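Okay, here's what each chain looks like letter by letter:
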Amino acid sequence: MNYGNLFKYWRTVLVVAEMSLRTQFSDAFVLFAIVFQPMIIAILALFMLRDKGGDYAMFVVIGSGLTGLWSSLLFVSGNSINVERWTGTLESLVGMPTPFDVIVFGKNLANVFQSLLSMVVSYALAAALFGYSLTLTQPLLFFATLLISMFAFICFGLTIAPVFVMYRSIQQWQNAMEFPVYILCGFLFPIALLPDWTTPVSYLLPPYWAAIALHGTSTADMPFPQIAFSWGMMILFSIVDLVIASQLFRIMLYKARVDATLDVD
Amino acid sequence: MNTIIKNTRLFWQGTLLSYRALFAWLRPVTYMASKIIMPLAQMFFFVFLGTYASGGKNASFFVIGNAIQITSISGIFGVTMSVGGDRDAGTLPYLFGTPANRFMIFFGRAFMHVIDGAIGVVIALTWGVLLMGLDLSRTDMPALGLTILITTFSTCGLGLLMGCLSLLTANVMFVNNFVYFSLLIFSGANVAIESLPAWMQVVSNILPLTRGIAASRALVGGASLNDILPLLITELGIGLIYGFVGYVLFAWFETQAKQRGTLETV
Numbered sequence: 001m002n003y004g005n006l007f008k009y010w011r012t013v014l015v016v017a018e019m020s021l022r023t024q025f026s027d028a029f030v031l032f033a034i035v036f037q038p039m040i041i042a043i044l045a046l047f048m049l050r051d052k053g054g055d056y057a058m059f060v061v062i063g064s065g066l067t068g069l070w071s072s073l074l075f076v077s078g079n080s081i082n083v084e085r086w087t088g089t090l091e092s093l094v095g096m097p098t099p100f101d102v103i104v105f106g107k108n109l110a111n112v113f114q115s116l117l118s119m120v121v122s123y124a125l126a127a128a129l130f131g132y133s134l135t136l137t138q139p140l141l142f143f144a145t146l147l148i149s150m151f152a153f154i155c156f157g158l159t160i161a162p163v164f165v166m167y168r169s170i171q172q173w174q175n176a177m178e179f180p181v182y183i184l185c186g187f188l189f190p191i192a193l194l195p196d197w198t199t200p201v202s203y204l205l206p207p208y209w210a211a212i213a214l215h216g217t218s219t220a221d222m223p224f225p226q227i228a229f230s231w232g233m234m235i236l237f238s239i240v241d242l243v244i245a246s247q248l249f250r251i252m253l254y255k256a257r258v259d260a261t262l263d264v265d
Numbered sequence: 001m002n003t004i005i006k007n008t009r010l011f012w013q014g015t016l017l018s019y020r021a022l023f024a025w026l027r028p029v030t031y032m033a034s035k036i037i038m039p040l041a042q043m044f045f046f047v048f049l050g051t052y053a054s055g056g057k058n059a060s061f062f063v064i065g066n067a068i069q070i071t072s073i074s075g076i077f078g079v080t081m082s083v084g085g086d087r088d089a090g091t092l093p094y095l096f097g098t099p100a101n102r103f104m105i106f107f108g109r110a111f112m113h114v115i116d117g118a119i120g121v122v123i124a125l126t127w128g129v130l131l132m133g134l135d136l137s138r139t140d141m142p143a144l145g146l147t148i149l150i151t152t153f154s155t156c157g158l159g160l161l162m163g164c165l166s167l168l169t170a171n172v173m174f175v176n177n178f179v180y181f182s183l184l185i186f187s188g189a190n191v192a193i194e195s196l197p198a199w200m201q202v203v204s205n206i207l208p209l210t211r212g213i214a215a216s217r218a219l220v221g222g223a224s225l226n227d228i229l230p231l232l233i234t235e236l237g238i239g240l241i242y243g244f245v246g247y248v249l250f251a252w253f254e255t256q257a258k259q260r261g262t263l264e265t266v
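Protein chains in written order, with our numbering: chain X, 1 to 265; chain F, 1 to 266.
No lab work stands behind these hints: they were computed from the structure.
As the structure is a prediction and not an experimental result, all values here were calculated from the model.
Beta carbons are placed, not taken as given, at the ideal position from N, Cα and C, and that holds for glycine.
One should not assume that every hint holds.
[To be verified] What follows is a set of in silico ranges between Cβ atoms, one per label pair, in the way DEER data are often shown:
hint, chain 1, residue 1, chain 2, residue 2, range
1, F, Gln259, X, Trp86, 32 to 38 Å
2, X, Thr199, F, Gly222, 51 to 57 Å
3, F, Leu130, X, Pro190, 39 to 45 Å
4, F, Leu225, X, Tyr167, 48 to 54 Å
5, X, Thr199, F, Pro28, 29 to 35 Å
6, X, Thr87, F, Gln256, 28 to 34 Å
7, F, Val29, X, Thr98, 32 to 38 Å
8, F, Val29, X, Trp86, 19 to 25 Å
9, F, Phe103, X, Trp86, 35 to 41 Å
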């Protein structure tokens with residue numbers, strides 16, 4: 001992946017993002033993943049955690065929003081290349097002069113951006129239906145964290161999509177990857193509840209650092225050095241993801257242009 | 001006698017073939033990911049959330065609730081896809097063109113999913129015992145087995161109704177997912193029914209799973225079959241009602257489709 005392309009083709013990124021947003025808002029599956037599923041999880045968690053007091057409402061809003069973000073990343077971003085294969089447009093996209101990774105970046109940008117709707121819906125639900133008064137403890141740092149988290153999620157999505165299109169044996173596990181990440185990343189409960197051996201796995205997942213920083217800046221007065229550390233980890237993982245994604249895209253485009261096996265099941 | 005044999009054969013062949021067709025595209029690894037790992041991960045998520053909420057107490061409440069709820073994967077998704085799959089595969093006109101007994105065709109679609117769903121619950125309970133400390137020492141196991149079968153049957157009844165909806169709408173997976181996740185709230189798998197608002201309790205009482213989960217919890221707590229029999233009879237009745245409504249809808253859909261020529265246009 002040539003990172004300079006993202007700046008050179010920024011208009012393309014935005015147009016692809018806009019088109020993806022328009023398309024996905026009419027897709028019932030996407031709407032379920034980013035609106036209804038997080039909403040149901042939020043209702044469940046609000047009922048289950050209500051004995052812990054109103055402070056947990058914001059924790060649930062952020063946590064359930066993150067579930068929507070991950071589900072959407074896994075199923076929508078994960079299939080952002082596959083969906084072109086299924087509709088027969090993959091070869092055309094690979095063959096056109098605009099770099100293919102720019103197009104996938106734009107699709108992921110739209111997907112992650114629209115997934116933020118999960119948090120908005122959960123927020124409205126907790127405030128309107130459950131009557132909680134919700135305030136962010138560190139609003140500026142929260143929104144800064146949200147931006148960095150979005151970038152980390154987009155980069156993570158860039159590694160997942162080519163893996164799913166090239167290695168179908170991994171994609172078969174897609175359904176099974178949803179809830180383990182909810183668990184390992186501590187979206188709705190601390191990972192201290194889990195066995196110790198799972199902790200290093202959590203540390204390797206960018207959504208874990210997003211969850212730490214988002215929870216810390218929304219429901220607790222997390223000290224800035226800790227927030228900055230989480231930001232640093234997300235940026236580090238984003239760089240690693242971009243390097244991995246560049247290699248994966250290179251292999252994928254080779255398969256498309258030389259082997260001509262990209263669309264072969 | 002000849003009719004009975006024909007219908008039994010139709011039921012059995014329809015059962016096996018629809019089930020095999022549904023999973024023909026799957027490799028064992030995909031089946032394991034979708035039917036074993038995913039449900040177990042979901043169960044663990046809600047069990048951890050529940051134990052966190054209750055301060056580490058009452059883990060068995062969540063293990064049993066979520067283990068029994070796993071049956072709805074087969075009951076809702078499996079059955080719906082078996083019924084609706086004919087439309088997707090383009091075989092619906094041929095199906096409706098045959099003189100075969102519709103009752104046998106329709107209910108045959110659910111049979112294997114009852115067994116499949118029950119096996120899923122047993123696997124989940126086994127993991128609950130091995131990893132979550134679920135204690136079955138006071139449990140009447142044959143009664144628990146019967147409860148699992150009846151609960152799976154009643155959930156498949158709802159699945160048959162949903163399957164008919166899949167013949168009427170293109171967004172059936174949205175509806176399925178919505179019903180499936182709603183069951184996590186309304187069935188009492190994660191939240192005690194008594195603590196829900198009154199209108200939600202009304203909804204809970206007309207859904208399958210609710211009484212099956214309550215009966216399973218009672219059995220694990222040491223109750224006998226006689227204690228939970230009323231719950232099981234009502235659960236069975238609810239499943240039969242959903243299945244029957246589904247069958248009526250299936251028959252109505254066939255009539256409408258033939259009269260209006262809208263067999264595959266929705």
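### Query
Measuring from beta carbon to beta carbon, are Leu225 of chain F and Tyr167 of chain X in 48 to 54 Å?
Given range 48 to 54 Å: holds, Cβ gap about 50 Å.
### Query
Taking the CB of Thr199 of chain X and the CB of Pro28 of chain F, does the distance hold inside 29 to 35 Å?
31 Å, holds
### Query
Does the Cβ pair Val29 of chain F, Trp86 of chain X satisfy 19 to 25 Å?
21 Å, holds
### Message
Range first: 35 to 41 Å. Now tell me if the beta carbons of Phe103 of chain F and Trp86 of chain X are that far apart.
### Response
37 Å, holds
### Query
Measuring from beta carbon to beta carbon, are Leu130 of chain F and Pro190 of chain X in 39 to 45 Å?
Once the Cβ atoms are compared, 24 Å apart, the range 39 to 45 Å for Pro190 of chain X and Leu130 of chain F is violated.
### Task
Note whether the CB distance of Gln259 of chain F and Trp86 of chain X lies within 32 to 38 Å or breaks it.
35 Å, holds
### Query
How does the Cβ-Cβ distance of Thr199 of chain X and Gly222 of chain F compare with 51 to 57 Å: does it lie in that range?
Cβ of Thr199 of chain X to Cβ of Gly222 of chain F: about 37 Å, so the range 51 to 57 Å is violated.
### Query
Has the hinted range 28 to 34 Å been met by the Cβ atoms of Thr87 of chain X and Gln256 of chain F?
Holds, at about 31 Å.
### Val29 of chain F paired with Thr98 of chain X, Cβ distance criterion 32 to 38 Å
36 Å, holds
When held up to the earlier numbered hints, the structure conflicts with 2 and 3 and fits the remainder.
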